[in-house]
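> So the chains spell out like this:
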Amino acid sequence: MDFTFSEDQLLFQESVRDFLVNEITPDKIRQLWETDSGRSDELWQQLAEMGLTGLTVPEDFGGLGMNELDFVLLAQEAGYVALSEPLVNSVLVATPLLSECGNSAIAEQWLPKIASGEARAVVGLAVNKLVEDAHCADLLLLEKGGAIYAVEAANASLRANESVDPGRKLFAVDFDPAAAVCLAEGGAAQALINKALNRGALGVAAQSLGLAQRMIDLSVRYTSERKQFGVAIGSFQAVKHHMANIAYKLEYAKTPVYRAAYDIANDTPRADLSVSHAKLAACEVADLAAKNSIQVHGAMGYTWEVDLHIFMKRAWALNSSYGTAGFHKNRVAAVLLADNAALGAGATF
Amino acid sequence: MDFTFSEDQLLFQESVRDFLVNEITPDKIRQLWETDSGRSDELWQQLAEMGLTGLTVPEDFGGLGMNELDFVLLAQEAGYVALSEPLVNSVLVATPLLSECGNSAIAEQWLPKIASGEARAVVGLAVNKLVEDAHCADLLLLEKGGAIYAVEAANASLRANESVDPGRKLFAVDFDPAAAVCLAEGGAAQALINKALNRGALGVAAQSLGLAQRMIDLSVRYTSERKQFGVAIGSFQAVKHHMANIAYKLEYAKTPVYRAAYDIANDTPRADLSVSHAKLAACEVADLAAKNSIQVHGAMGYTWEVDLHIFMKRAWALNSSYGTAGFHKNRVAAVLLADNAALGAGATF
Amino acid sequence: MKLEYTAEHQAFREEVRSWLKANVPAEPLKSFDTEEGFQQHREWEAKLYEGRWGMITWPEEMGGRGADLLQWLIFEEEYYAASAPLRVNQNGIFLLGPTLMEYGTEEQKKRFLNGMATGKDIWCQGWSEPNAGSDMAAIRSRADLSEDGSHYIINGQKTWSTRAVWADWCFGMFRTDPESERHRGLTFILVPLDSEGITVRPIPQLDGLPGFAEIFFDNVKVPVDCRLGGEGEGWSVAMATAGFERGLMLRSPARFQETAKRLVELYKANQETADEDPSIREAVLRAYMDAEAYCLTTYQTACRLMQGGKIGAEASTNKIFWSELDQQMHATALKILETRGELLPESPDAGDVGRWLDGWLFAQSGPIYAGTNEIQRNIIAERMLGMPRK
Amino acid sequence: MKLEYTAEHQAFREEVRSWLKANVPAEPLKSFDTEEGFQQHREWEAKLYEGRWGMITWPEEMGGRGADLLQWLIFEEEYYAASAPLRVNQNGIFLLGPTLMEYGTEEQKKRFLNGMATGKDIWCQGWSEPNAGSDMAAIRSRADLSEDGSHYIINGQKTWSTRAVWADWCFGMFRTDPESERHRGLTFILVPLDSEGITVRPIPQLDGLPGFAEIFFDNVKVPVDCRLGGEGEGWSVAMATAGFERGLMLRSPARFQETAKRLVELYKANQETADEDPSIREAVLRAYMDAEAYCLTTYQTACRLMQGGKIGAEASTNKIFWSELDQQMHATALKILETRGELLPESPDAGDVGRWLDGWLFAQSGPIYAGTNEIQRNIIAERMLGMPRK
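Chains as they are written, first to last, in my numbering: chain C, 602 to 950; chain B, 602 to 950; chain Z, 50 to 439; chain H, 50 to 439.
Next comes chain C alone, as it looks inside the complex (with noise of 0.2 Å):
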């Protein structure tokens, strides 16, 4: 029993950490929003040779080898700068997806490329509706009709849709199954779709628990600079507790999406639950920081201005992706009132 991330864990999420801090600023980050496809290349690249997108492709295909639980912190990081960039669903849903889905002709092919950055594949599950970043893939891996498709970006027409976060690129695409690649059918496409879900959820978890705490620091500092009265407004009590709500919940919510990183990296027969369970306590945590930090930035909040509102949009955003909250309570709803459910204490692990 040992629930603490290694050395190696940690360093990696550090440097990975440092390079996001630095390059993807706020202001890099309007700028972006001002291009057509507010996706850089130059970035991906960068990505690329920090291992990133690579991270979970087999070492026999060029790739680090790294599981769901390797990549967990540094998705974290991902949304703490809320990078746009496909790279979680990259990581943790496409390229899983290719390595699992039984056809190897289509992974052999895709998967250095994805690892050298060279190609970026997303994926669209029914769940999501819209496919976020099909107009930057170059493979999309899409469900229709209880099947799994490989389609190359050729034979997909897309539509774009507009999202209250400037960053974000969904699309509804349409393709023609006769010129795609059917990867699975039937049970085998329904246990891919399961595992693509869990996935996505945890990526979504974990950025919305770095998301959460990037409004904590940005609401930290604005108010401790901030006068009001002739004091900071960060010395005012209902201030002080408006962060500590965040703060404090926070901290319960990283350890259930640790430990979904843990399960799905595992396998283990808990996963789904964990899974639901992390991405409601994370994305609760980021709309109460979103809640509480517009609060404390009085009207500068409500601004395009300021930066706020670039991670409190990514909050809402994020909040329905990879199943809702209803979706994700009925299933632990399932496991807790099914009869003879391992409840209480001990039942844990």
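In case anyone wonders, no lab produced these hints; they're calculated from the structure. Beta carbons are placed, not taken as given, at the ideal position from N, Cα and C, and that holds for glycine. One or more hints might be untrue.
[Said to hold, decoys possible] Pairs of lysine-lysine, DSSO-like flavour, derived with a Cα cap of 27 Å:
| id | chain 1 | residue 1 | chain 2 | residue 2 |
| --- | --- | --- | --- | --- |
| 1 | H | LYS169 | H | LYS79 |
| 2 | H | LYS51 | H | LYS169 |
| 3 | C | LYS892 | Z | LYS384 |
| 4 | H | LYS439 | Z | LYS439 |
| 5 | Z | LYS439 | B | LYS796 |
| 6 | C | LYS730 | Z | LYS384 |
| 7 | C | LYS730 | Z | LYS317 |
| 8 | H | LYS384 | B | LYS892 |
| 9 | B | LYS892 | C | LYS892 |
| 10 | H | LYS384 | B | LYS796 |
| 11 | C | LYS796 | Z | LYS384 |
| 12 | Z | LYS384 | H | LYS384 |
| 13 | B | LYS828 | Z | LYS270 |
| 14 | H | LYS384 | C | LYS796 |
| 15 | B | LYS745 | H | LYS384 |
[Stated by the list, open to error] Anything over 10 Å on all C-beta distances counts as not near chain Z; from chain H, calculated:
| id | residue |
| --- | --- |
| 16 | ASN72 |
| 17 | THR106 |
| 18 | GLU109 |
| 19 | ASP197 |
| 20 | ASP243 |
| 21 | PRO251 |
| 22 | PRO327 |
| 23 | MET355 |
Given chain C's structure and the hints, the job is docking chains B, Z and H onto it.
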């Protein structure tokens, strides 16, 4: 359209408040806790002399012939002092039930005695399972198998239960229908039972308003006097906001209660909805008042010695009386979700 | 107590309803945070004025109907039920208008009220300053009387001025006594926004539109007859305005009741998925009841005021209640909308999202503006409950 | 990260489980807030000691098992799952015990630890004073060293001393330097409660039982060898104790997980009526997840501490989290119980109410004692987030 109380109603409230606050002091309450019955004949006689026991008794039978709207502010004051005498249920539930039950012999027999304070009547509805104050009743009006019976005290057998609130006396009551008078059956009984439930719920709601106000008053006084870190703890923003949260919600619980009283008194078609809204809002604010008041009282609030618990326990105990929150939410939902529900601006009155 | 409308009230309601039915534009106007939408709304104000529906509580001689508060509430109910356009000149007609009637000279009333009523002059307010948000007494912008006493010379900066970008006039407080502190030495002045020396810098809000602005004053000359009330008496004039602002006029129960109605409808249309999350049904029931309660309490206050009562702590209790209700309702709607909740309504796959996202963004401002809800809680604790200030 | 128990852990769990199965009294003990129950619990402590289960984290030579934190957590899981009695001597074994091991002289350890372990000496704490509740540095009770240096003479008053009514010893802080202020000049002293000059006045708690007491000291003589740590060093000794108190030992995740389990069972047994109120299902799901989260975070902290980490702000975040969770779970249970929720469990018609009402009353103390949750929030904001103090 006039959503205010009359001068007379306000003056009556004032005189009843003065009487109750002087007579039903916390010391007096603690004394009554130590007695077997927990009730005071002397006090009941005083209430009768003020016209209160006969408030809803028709003038022909020696009462004041007033209605639920005339009484709602007085029920609020009864809550303010955590009155344990069965006044609210007598005026709001038992008396109207006797008046409306269609059995004039029973009405003629009992209503004058109720008005004069000579006799006490209580009502036992199935929704409450136990009967409040059955031990001091001369007449019990009891729901059984969908019918309503009038049972004289001698024909009822009581089994005492203990409430968390030492001021509440609750009894399982058994009786032989053969030795009782059946007042109504079938649809007529259902209609009477529903009215009794609404009136009882109104009584609970009105008392809850008073309880919330009392807890605010106790807490404001305590926190204005109690010092920590060199200042009155009431000057801390967190303490202020705990109190403000009760106070502002109380303002929005009062008007639903007053509307419910009006709707019952005027037998409007929206009475079920009004009552359910009123009870939900008022019980919720009393609950919040208890929660926040004990918190600002600190350890003192956790003792038997400080008066706060008298009012907290009453608030907790009343919460499920005359229909749980679930029951009342369901009644609201039934209206809201009905086809062609009249909702929105202009639909209130 | 009598909770029924009179026949007169009913007739009035019918009159409002039929006028609105005939006149409310079939196509919703564009947002008044856009230039085109602003112009559309200005025209709508003129149309309201033509029908004498622009400010029914104003006296008849000023284009109103001398309506009482109950009529006002009925009007608002019909107005929101008809989805009539938002009021682009609300700062003028609801805040400054009544203040002008109380503090303005006869000449000022003549000069300003008609332009306000017809939509010719759209007003914005100049209350906040960069370091005087919730703390209005910290105002530093100066208005110095010219030597000949004919005009003020204004220097400084205002901010958070809603709809200032395309507005015509600004009203606000300025420090006329440079030695003064806090709420002494302030004067209430009306400033034409086309004056020389004024720069208006739009501030984009959460949705990216310039819903408010900063106003910079660089030696702006304003004739002394643009002063409202006496010199140095700005605080008491402004407090009257703030009283109205926080009062019921701007936050009609009707608005929230219509939102609650739409929320119930949205829930009914999506009940199967929504019920997966029990907090949604709970929130929908609560939204309906809270909107009702807000209506009930407003009617009670209106009746009390009509019988000679005064506005007390209602200003603060209302503010918290409606702003939290509004946030809650929109949050619930977005939950019901699931993944399409994040989509802008023009998006091709947005489906039935309606204006919930816009409303959600706007609802974020509720707990903040016109005195944050923390300030309101302080006021309730100190003034209503008498808790110790320090 | 490895979230599985070792074979050794599993074996340990089995050992605990079988001992408890054989030894936990079939009939629940009476409340230790009654004299009879106190005695029963004292005997249970002795039985635990016999089995070497009294304080498994203590070293073997003191009757413990030198267990690490993970074993401790496993022990607690089995302990709560077996519904074993509450620990009447928790202030002794969990708070004072570790402090004694760190600050006590060899003689003090020998003298006090065994009596504590066997249940012979039940300890209570003397922290709070009438005007020093959350503000411990405001302590005024005095301990004056006798002229010959052989003993202290204690005068003053302590309050909120849990289980002091039938306890044998009290530990607490007293002001030995009368000139000193705040947290200087305080000394940590152990006081036998049968000393002359001591009056213990029971304070009845919400359920009417004397769960705590005031202790009055009137020229109480205490030998100088009852001082723990140096004179004037009481604050740092006490802070070590407070650290333990607020740490994980007293608030086992197991306790809350078992409550959550019972809540789920109660909900399942009453689902039809409970589902009339959607907030109940929501609260049940949340209770389960929060209890899980509390367990997860505690395991994480335990692992971190075992690897040499230090307790940080967890003390405050934990305190808020478990106390609000506990309140929430009991509130939900009472809702599910409907009208029978208010009944004392002995009532003839109480049915399946179990101990929920008692638990609810007890849960009221959670957000208050050991530093109110408001104080904890201040600490989180100031120490964990670095927000400005004033």
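> Now tell me if each hint is right for this structure.
Hint-by-hint comparison with the structure:
With a C-alpha separation of about 19 Å, the suggested pairing of H/LYS169 with H/LYS79 holds against the 27 Å cut-off. The straight-line distance between the Cα atoms of H/LYS51 and H/LYS169 is roughly 41 Å, outside the 27 Å bound, and the hint therefore fails. Proposed proximity of C/LYS892 and Z/LYS384 is supported: the alpha carbons are some 15 Å apart, at most 27 Å. Restraint check for H/LYS439 and Z/LYS439: the C-alpha separation of about 13 Å stays at or below 27 Å, so the hint holds.
Proximity of Z/LYS439 to B/LYS796 is assessed by CA-CA distance (about 50 Å); at most 27 Å being required, the pair is judged violated. Under the criterion of a C-alpha separation no larger than 27 Å, the hint pairing C/LYS730 with Z/LYS384 is consistent with the structure, at around 15 Å. Proposed proximity of C/LYS730 and Z/LYS317 is supported: the alpha carbons are some 21 Å apart, at most 27 Å. Our distance criterion of 27 Å between C-alpha atoms is met by H/LYS384 and B/LYS892, whose separation comes to about 15 Å.
Among the hinted pairs, B/LYS892 with C/LYS892 is consistent with the structure: their alpha-carbon atoms are about 23 Å apart, no more than 27 Å. With a C-alpha separation of about 24 Å, the suggested pairing of H/LYS384 with B/LYS796 holds against the 27 Å cut-off. Between C/LYS796 and Z/LYS384, the direct Cα distance comes to roughly 24 Å. Compliance with the 27 Å bound is thereby established for this hinted pair. Restraint check: the Cα-Cα separation between Z/LYS384 and H/LYS384 comes to about 26 Å, which is no more than 27 Å; the hinted pair holds.
For the hint linking B/LYS828 to Z/LYS270, the alpha-carbon distance of about 54 Å lies beyond 27 Å, and the restraint is violated. For the proposed pair H/LYS384 and C/LYS796, the alpha carbon gap of about 38 Å is over 27 Å, so the pair is violated. Taking the CA atoms of B/LYS745 and H/LYS384, the gap is about 25 Å. The hint holds against a cut of 27 Å. Even its closest Cβ contact with chain Z, about 42 Å, leaves H/ASN72 beyond 10 Å, as expected for a residue assigned away from the interface.
Under the 10 Å C-beta cut-off, the non-interface status given to H/THR106 relative to chain Z holds; the minimum distance is some 41 Å. With a least beta-carbon separation of about 51 Å from chain Z, H/GLU109 lies farther than 10 Å from that chain, consistent with its non-interface assignment. For H/ASP197, the condition that its CB be more than 10 Å from all CB atoms of chain Z holds, with the nearest at approximately 48 Å. Every CB of chain Z lies more than 10 Å from the CB of H/ASP243, the least distance being 43 Å, so the non-interface label holds.
For H/PRO251, the non-interface assignment is confirmed: its Cβ lies about 32 Å from the closest Cβ of chain Z, beyond the 10 Å cut-off. The non-interface label for H/PRO327 is inconsistent with chain Z: the shortest C-beta to C-beta separation is roughly 4 Å, within 10 Å. Once the 10 Å rule is applied to beta carbons, H/MET355 is consistent with being away from chain Z; the minimum gap is 38 Å.
Checked against the numbered hints above, the structure breaks hints 2, 5, 13, 14 and 22 and satisfies the rest.
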